[in-house]
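Number of protein chains: 4
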Amino acid sequence: MVDTVKEGEWVLLYYNEKKSYVVRVERGRVFHTTHGSIDLAKLIGLPYGSFVETNVGEKLVVTRTRFVDRLEGLQRTTQVIYPKDLGYILLEAGVGPGSTVVEAGTGTGFLAATLAWYVRPSGRVYTYEVRRDFYEIALKNFESLGVLPYITPKNKDIQEGIEEDNVDAVILDLPTPWKVTEDAASKLVNGGVLVVFVPTTTQVERTLLSLKKTGLKMVEVTEIMARKYQPVPGEFRPHSIGVTHTGYVISARKL
Amino acid sequence: MVDTVKEGEWVLLYYNEKKSYVVRVERGRVFHTTHGSIDLAKLIGLPYGSFVETNVGEKLVVTRTRFVDRLEGLQRTTQVIYPKDLGYILLEAGVGPGSTVVEAGTGTGFLAATLAWYVRPSGRVYTYEVRRDFYEIALKNFESLGVLPYITPKNKDIQEGIEEDNVDAVILDLPTPWKVTEDAASKLVNGGVLVVFVPTTTQVERTLLSLKKTGLKMVEVTEIMARKYQPVPGEFRPHSIGVTHTGYVISARKL
Amino acid sequence: MVDTVKEGEWVLLYYNEKKSYVVRVERGRVFHTTHGSIDLAKLIGLPYGSFVETNVGEKLVVTRTRFVDRLEGLQRTTQVIYPKDLGYILLEAGVGPGSTVVEAGTGTGFLAATLAWYVRPSGRVYTYEVRRDFYEIALKNFESLGVLPYITPKNKDIQEGIEEDNVDAVILDLPTPWKVTEDAASKLVNGGVLVVFVPTTTQVERTLLSLKKTGLKMVEVTEIMARKYQPVPGEFRPHSIGVTHTGYVISARKL
Amino acid sequence: MVDTVKEGEWVLLYYNEKKSYVVRVERGRVFHTTHGSIDLAKLIGLPYGSFVETNVGEKLVVTRTRFVDRLEGLQRTTQVIYPKDLGYILLEAGVGPGSTVVEAGTGTGFLAATLAWYVRPSGRVYTYEVRRDFYEIALKNFESLGVLPYITPKNKDIQEGIEEDNVDAVILDLPTPWKVTEDAASKLVNGGVLVVFVPTTTQVERTLLSLKKTGLKMVEVTEIMARKYQPVPGEFRPHSIGVTHTGYVISARKL
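Residue numbers (the numbering used here), protein chains in the order written: chain A, 535 to 789; chain B, 535 to 789; chain C, 535 to 789; chain D, 535 to 789.
These aren't lab readings, by the way, just hints derived from the structure by calculation. Keep in mind that the hints are not guaranteed to be accurate.
Pairs involving identical chains hold if they fit within one copy or between any two copies, as the list cannot separate such chains.
Stated by the list, open to error - Under the rule of at most 20 Å between Cα atoms (straight-line distance), these lysine-lysine pairs were calculated in the PhoX-like manner:
#: 1; residue 1: 721; residue 2: 747
#: 2; residue 1: 746; residue 2: 713
#: 3; residue 1: 762; residue 2: 751
#: 4; residue 1: 552; residue 2: 751
#: 5; residue 1: 746; residue 2: 552
#: 6; residue 1: 688; residue 2: 713
#: 7; residue 1: 751; residue 2: 593
#: 8; residue 1: 553; residue 2: 746
#: 9; residue 1: 751; residue 2: 553
#: 10; residue 1: 713; residue 2: 747
None of these values were measured; they are calculated from a predicted model.
Construct the complete structure from the given sequences, taking the supplied hints into account.
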């Protein structure tokens with residue numbers, strides 16, 4: 535039984551080891567690559583693994599996507615979180631199928647979408663975004679990823695109060711998380727986890743100070759660094775230039 | 535409504551920021567800490583968040599566990615994988631609720647158990663372990679974690695052939711993964727991911743060489759480093775001594 | 535012409551790849567190793583590269599030392615600076631043969647001694663140490679390393695004023711460097727460098743703030759991380775556990 | 535007494551925290567910056583610390599240089615070594631005033647020049663470069679840095695034999711150092727150090743294998759990573775993007 539591309543699915547179009555594209559298959563849309571353009575409707579019904587030809591005759595392999603691939607295809611409004619941090623936050627927050635999670639700010643939606651994908655099918659993610667324009671784009675991103683059924687997006691300022699209670703985790707990716715830590719702590723179940731992600735050590739210090747007032751314990755600060763290597767046997771080595779910092783992950787527990 | 539400890543649940547017993555314990559609540563078992571011992575049956579029925587007293591009068595807070603906490607309470611037979619690597623592998627392999635995954639070698643079972651916890655409720659993990667003694671301890675670990683319903687543990691050598699087909703991911707944490715990469719590649723669905731985790735660069739090079747024969751593409755090698763910080767406002771800094779290496783994560787895709 | 539061991543020289547006594555010792559050759563001293571003891575007088579006149587036998591018949595190779603080896607043989611009073619940081623500070627401070635440098639606090643003397651070794655024969659290092667006991671041990675350390683001719687050790691608090699002027703570099707390894715930065719800046723020649731080494735990000739921030747008042751420019755903060763690898767062909771990999779942090783190097787220039 | 539700029543000296547021309555230039559003061563040369571051009575003859579006689587104006591009226595501060603600044607002003611032919619590695623190699627090789635060192639390949643000359651600057655005034659650096667064009671540019675670089683009196687540059691292939699003997703250190707920055715390690719080992723004094731700098735783990739492994747034949751001991755492999763931080767109080771953090779790899783430093787000792 536051959537599996538074929540359906541409308542609304544995400545596909546990865548592979549050209550070579552240096553260049554591939556991720557796009558959602560929609561009728562009536564033409565996708566432009568540096569190797570020519572493709573009418574996306576042409577993909578529908580193609581078996582996965584087959585070639586598609588651009589208008590200039592270049593061939594790309596039509597491939598199934600992983601969840602993280604699809605994130606690459608989204609419209610971005612804010613700095614996004616990288617897989618190295620997403621994976622660590624997921625485990626550190628104890629979030630998995632069935633979890634109830636509060637998250638803010640939504641931003642582009644990478645973090646909320648990833649959480650939603652992992653709390654499926656019985657969990658739920660409540661995500662707060664104060665800016666209307668970000669909220670609307672995130673909504674579209676959640677829809678196109680198919681995770682909207684597991685998310686409650688809110689166009690609200692989380693600093694005005696978390697409306698959920700007894701949540702398994704609160705995850706904050708905000709410029710001023712210390713304004714929310716006390717409220718967040720009060721909304722966690724026993725054993726629940728507050729996770730804060732911030733780029734500067736100054737923010738870490740202010741967050742740590744604020745945690746003292748919350749009664750949360752088992753405070754940890756971790757920095758996840760991912761080093762990419764040149765995957766060439768006989769010339770194996772890290773890349774010369776790369777990402778050297780994203781942020782610090784602070785976690786604390788309700789006892 | 536107060537939530538209380540039930541038999542078979544895992545609890546975290548918190549003493550202070552330096553010392554806490556993770557244990558599964560079983561009748562007839564006495565748990566020994568450096569602050570005295572606790573008859574675990576005493577915990578049953580206690581509200582989460584309450585104190586329990588040891589036989590020498592020390593108090594510990596009875597707290598709900600995250601999944602990664604429970605891993606800490608397992609009996610170990612082999613070197614285990616750390617959360618920093620588990621989280622990254624999860625996202626890199628594209629594994630989530632509903633995924634079908636093959637994994638080897640089982641070892642202590644950290645990786646298989648984590649994968650199982652994340653493919654719940656509709657996915658499945660097939661894990662291979664050639665050593666009978668490791669297999670049996672892993673089986674007990676899966677049972678005590680409650681993830682056995684999502685795992686098919688096999689006391690078999692994966693080098694003799696992967697028995698599953700059309701799997702979403704194959705994850706290898708073996709000394710000689712290059713003996714399995716070709717078979718693994720043939721059992722992946724389109725877009726499926728092979729992930730290999732090895733500690734030495736020599737193993738990375740041999741694995742990269744073997745990948746050339748598989749036709750897998752989009753090869754990446756990543757090293758995830760987690761740096762722990764001293765969570766003290768006014769004295770914020772990384773710890774002086776810590777883990778400096780676990781392993782390299784190699785991934786490749788079936789097109 | 536064979537070179538032989540002379541009294542007062544430092545030697546490295548090599549037992550195997552895991553164990554070697556560094557000691558200064560002094561008459562009347564017996565050196566104790568885990569492989570037996572050696573009357574150091576016995577070493578005098580031995581050709582370098584020959585074996586010496588301990589009182590229990592174990593053999594060690596008598597080897598010439600590098601400067602950094604000798605540091606290992608010193609009596610320590612304080613946390614010392616590692617070669618990875620010493621080397622970077624040396625180049626960053628622009629210190630070499632002929633330089634004039636002010637340093638504080640002396641502590642064990644690793645930094646002052648290294649600077650002295652590198653400003654030879656025509657440069658000079660002025661080092662301040664407020665504690666009498668540290669000062670006295672450092673003095674002995676400088677003597678035994680043979681660098682005292684290039685050092686002016688002072689049992690003074692550098693916070694009460696730097697007595698030198700027109701110096702090429704001021705290097706501060708102090709808990710509160712921000713109390714000295716303004717004075718330090720005023721004592722530098724044009725193009726001179728202030729280098730501060732501190733372990734916490736909190737100290738970095740206070741130092742950076744203090745630098746604004748000094749008029750120093752080209753401010754940089756760098757962290758030097760050294761990762762040690764297992765030097766085994768066929769099993770090449772970083773060590774699992776190691777040093778994960780020493781300190782941050784801040785530098786600024788007088789224009 | 536005011537110190538003034540002399541012909542042949544290197545100066546740093548500071549525009550702001552983002553932009554400065556390093557140039558050697560030569561009559562008859564016009565130096566072009568993005569802020570206008572400067573007739574370098576105009577600098578001669580100016581007091582250090584004063585302003586110079588470009589032809590479009592922009593002002594730059596005329597500042598004394600550190601040794602590492604001058605390296606930035608050289609003509610480059612090959613990948614160069616960074617200060618983080620230079621400083622570590624210097625200490626690890628035990629090189630300082632008075633040392634005798636053999637180095638190859640010369641390349642642009644950063645390493646040889648730095649070694650030369652540090653062995654002054656009584657030491658010597660012998661540097662081998664097989665390519666005539668590189669050799670000639672390196673020669674000019676050594677002259678302009680003023681270190682030529684301490685260097686013997688050779689337009690020879692070091693693989694054909696090291697012509698010096700009883701040297702304190704041999705430092706190899708070559709694609710195939712394993713072809714030279716045996717010869718290098720035979721030319722070291724007792725306690726002398728062989729240092730090899732290579733970018734790939736494959737080269738590290740081949741070098742480690744070759745060291746077994748040399749009888750050298752105390753083998754170490756170290757990677758020096760420098761992380762640059764944004765020097766802003768209130769927003770202290772590492773830069774997002776930066777250098778993630780240069781090379782591995784292998785060292786071994788003659789006993």
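Consistency of the hints with the structure:
When the C-alpha separation of residue 721 and residue 747 is checked against a cutoff of 20 Å, the pair qualifies only within one copy, where the shortest distance is 15 Å, while the shortest distance between copies is 45 Å. In this assembly of identical chains, residue 746 and residue 713 lie within 20 Å of each other by CA distance solely inside one copy; the values are 13 Å within and 29 Å between copies. Proximity of residue 762 and residue 751 under a CA criterion of 20 Å is satisfied inter-copy only: 16 Å between copies versus 34 Å inside one chain copy. Taking identical chains as interchangeable, the C-alpha atoms of residue 552 and residue 751 lie at most 20 Å apart only when they sit on different chains, with a minimum of 11 Å there against 45 Å within one chain.
Taking the closest pair of Cα atoms, residue 746 and residue 552 come within 20 Å of each other only across two copies (16 Å); inside a single copy the shortest separation is 48 Å, beyond that limit. When the C-alpha separation of residue 688 and residue 713 is checked against a cutoff of 20 Å, the pair qualifies only within one copy, where the shortest distance is 18 Å, while the shortest distance between copies is 49 Å. When the C-alpha separation of residue 751 and residue 593 is checked against a cutoff of 20 Å, the pair qualifies only between copies, where the shortest distance is 16 Å, while the shortest distance within a copy is 55 Å. Proximity of residue 553 and residue 746 under a CA criterion of 20 Å is satisfied inter-copy only: 18 Å between copies versus 48 Å inside one chain copy.
In the homo-oligomer, the alpha carbons of residue 751 and residue 553 lie at most 20 Å apart only across protomers (11 Å), although the nearest pairing inside one protomer, at 46 Å, exceeds that limit. In the homo-oligomer, the alpha carbons of residue 713 and residue 747 lie at most 20 Å apart inside one protomer (11 Å), although the nearest pairing across protomers, at 31 Å, exceeds that limit.
Taken one by one, the earlier hints all hold for this structure without exception.
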